[in-house]
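From just these sequences and the hints, can you work out the full model?
Next come the chains, spelled out residue by residue.
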Amino acid sequence: MNIPQELKYSKDHEWVRIDGNRVTVGITDYAQAQLGDVVFVELPEPGTEVSTGAGFSVVESVKAVSDIYAPVSGTVLEVNEALADAPEIVNQSPYEDGWIVVIELADEAELDELLDSEAYEELLAEGGQ
Amino acid sequence: MPWSYLPHTEQDRKAMLAAIGVEKAEDLFTDIAPDLRLNRPLQLPVALAEPELVKHLTALAKANAHTQDYACFLGAGAYDHYIPSVVDHVLRRSEFYTAYTQYQPEISQGYLQALWEYQSMICQLTGMEVANASLYDGGTGLAEAAMMAASATGRKEFLVTQTLHPHYRAVLSTYAKDRGYGLTKIGYQDGLLDLEALQAKLNKNIAAILVQTPNFFGCIEDIQAAADLAHAQGALLITAVDPVSLGLLEAPGNLGADIVVGEGQSLGIPLSFGGPYLGFFATTEKLMRKMPGRIVGQTVDTDGKRSFVLTLQAREQHIRREKANSNICSNEALCALAAAVYLSTVGKTGFQQVAAQSLHKAHYAYQQLNRLPNCKEVFSAPFFKEFVVRLNQPVAAVNEKLLADHIIGGLDLETYYPELKQCMLLCVTENRSRQDIDLLIERLGAIG
Amino acid sequence: MSIKKSKELIFELSQAGRRAVDLPACDVPEATLESLIPARFLRKKPPSLPEVSQPDLMRHYTALSQRNFGVDSGFYPLGSCTMKYNPKVNEDAGRYPGFSLIHPLQPEATVQGALELLYNMEQYLAEISGMDAVTMQPVAGAHGELTGLKLIRAYHRQRGEQRTKVIVPDSAHGTNPATATVCGLETVEIKSHPDGSINLEALQAAVGPDTAALMLTNPSTLGLFESNIREIARIVHEAGGLLYYDGANANAIMGITRPGDMGFDVVHFNLHKTFSTPHGGGGPGSGPIGVKQELVPFLPVPVIVKDGGAYHLEQDRPLSIGKVHAFYGNFGVIVRAYAYIRAMGPDGLKQASEDAVLNANYCLSQLKDDFYAPFNRFCMHECIVTSKQQKQYGVRTLDIAKRLLDYGYHPPTIYFPLIVEEAMMIEPTETESKETLDAFIAAMRSIAEEAKTDAALITAAPQTTVVGRLDEALAARKPVVRWKE
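Chains as they are written, first to last, in my numbering: chain A, 1 to 129; chain B, 130 to 577; chain C, 578 to 1062.
Do not rely on the hints blindly, as some may be mistaken.
Chain C stretches covered by chain B per the calculated footprint, using a threshold of three residues with CB under 8 Å from any CB of chain B [what the hints assert, rightly or not]:
hint: 1; segment: 641-653
hint: 2; segment: 800-809
hint: 3; segment: 816-824
hint: 4; segment: 858-871
By construction, these hints were calculated from the structure, which means they are not laboratory data. All C-beta atoms, glycine included, are put in the ideal place defined by N, C-alpha and C.
Given below as structure tokens:
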């Protein structure tokens, strides 16, 4: 299971890449494997306000569906339009090309609440969620 | 006692119980505490052998007046169109009717393809981009459309035209109540929805306008105008249509409708006292992933062969559970199959012919009726196969007299519209002969 | 049915000028269309429907039927679906003109036979379920659930109570939580014991003044009878909630025990499961519901009443939840179920349930050495085994299901209930003979053997069907849902 060290993680299996007050959000390798073949990603409109723990996107696979919860609060700046035509990118490249949104952080302190790669690995070892 | 549907002999049962390791069937039910047992026979009529059963059922059936013996001028959401013989021959293929939902696509290709073809035909009729594999009926289809519109727009208010079938409005109201939807009535003028009132009530809180065309009175609504008004406020237009009318009338998809639903019973499905019927449902590609019900999609198998499979299942209750937008599971697949066979049987020209003959016969009857001194015109709007006339006495009394001549008369509109006293809603399909119509005119004239 | 080739679409068979039925010429004067309907309402282009001759049409649909598997084709042990035999005389009865050619809005006096049948059917189902009244209007199980929860809401509302939560166990059918949402209620999911039975502590913790109802399937979706049902009913009732019985598994209990006696307040039946009406490839079904006395005022309209020797449709019911269907439900399906009950009689129905339970336990007893059986006790009308023992060979439940197709069987329900890993739920029903079960058991054992010796045979299955495994991801990513000219 690929768990890059430089990323932060939520307990709901989202990852976060921090770049100043902009964070890129996607779902983890574990999450994509659990879902199976992703067939559709429902993307929010840029400008949407999101708050920590609230669903802002939905990822559908053939036999499952999963809400994507905002790991931090803020405003959606960009969405990954490429997923509209090729949702399978989420399976192929969950941490790079398969990113879902970029969020402008409302409160940097929230980042401290997230897990680092070791803590996330431990969470998975305990059986995930 | 042997029952022909139960194959086990007493010997079989004994052998199986022995293999399980118990003495008697009773031992398998130990989880059910004695005080929960019924401990007495069910109080039901004794079993009937097949010949007795046939006699009993035939007697019950004979206690009903049916359209083989009576000329039916009743419509109002259930129509006596001709059903070609081949339709039932296909439905009787038990590979179809004894099957379950197509969750194992490799052994369900036939049904999946038939349903995909059905979806394609519904798209052809309605001018929409996608259709599902059926809902329960026209009324619940309309309610499902409202729920979908609420989900798609994030709004909860609806404008409901009073020219919509009163039963559909009643079903909508049952569904809407517990979801906190607001339903605002829009009245009618000369048999058509009041467009000015509609415009006045429209605002940015409205999820959708619900319109029927031809409407409950048979009159043809201006869908385009309603769609333009709806879209200007970001609302959707939901249209209920009589599918047969689409042999002649412009497809709602070309007039701006966002969701098209309707009762598909006219397409090869018998009257059957109100069910099973067919809720058809079509929408745009943009709204496809909000659509309720099963959808068949085309794909390929491991060898790259064209094949079919239930798709976009992540919308449905068995996957989305409490987040699903609809709870539908079983649909009316066999009725959808009937509709597909019907539409393939009458075909492109036959379908137009059914619509045109219904139109001409209804207009012939209308003109003849209006010549009677005891029948008065009520609305002047253009109509398709149903129309309203005002009689000079209560509709129920007239209908009772017509029955004596083996005529099932029209609907008493006063039941639903108190202002339409002594008004009868009549329906004439292509299945009524001129002789039937002339007899109706003669008898109505004689009733005076 | 193993012609490995695509079947042409009906549209591909179409040739302009052909038709499959001849319609009579119009026998009334025909005015021009434009004189009757304004041109802007008229269609510019007719729908592109197929144009085929009658022989070609019959061959098309016959070919499609041969690419499909039904109960009449072979054994169909689909758990929770009760794929029992569909008696043929019932199919005839549904087509009697006196049933199939009657209009729902005809004067009551002209449909007394139909109303009598509906009325009697309500009485029969009330007796079978132990309830006080029944409505035949819901047309599917999920539609029955919707009607039932609306009745429950109306009941609480009438008592001035705001109860917004529906408790469902995590083993429930998806329709239960989905129905709660559609009825504007919130679902509270409680974790079941591993055997699917209700965890009484979890239930006690979940109930409260906001509990509208508990929805329960009994026998559970794991095919096991909920022995604590009386205690469960007590907990829910003491909290002021009502009990809803999902009748999906009622085939196990006819004449043996009754939901009404267990403490349930509302129950739905699936006539297309328990009462032998055909599934139709996904419908039409029928999902009548039964209720206890206190819920009767809220039943959907119209209600059939018997007045002396005559039957009436009563519309004026001020507390009714309203209409749930444009007319009176799936009458044609109800006729078939009525015929079934009359053919079986009280003893026959009980024997059917006993044989259904016998068949499931027989399958379980014969399969539990070769497949993992998670519950070591007698089951009701369906049993669960899993592919746990085959996992080591790289064989999963899906593969076993597909391999069963090669053996000529419809597979069991797979991956449900969700709380059992790699589940295969086998519901043989009472209409299968010992010989049929023995042959199926032999096929399952043979697959278990193949898993050890030639796992690739299983993971590459099916080989004998008209198509191989399908690319379901492609279908959902790039939906092609209609034919285009």
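Now for the hints, and whether the structure bears them out:
no., hint, in the structure
1, 641-653, "holds (count 11)"
2, 800-809, "holds (count 5)"
3, 816-824, "violated (count 0)"
4, 858-871, "holds (count 6)"
Taken one by one, the earlier hints fail for this structure only at number 3.
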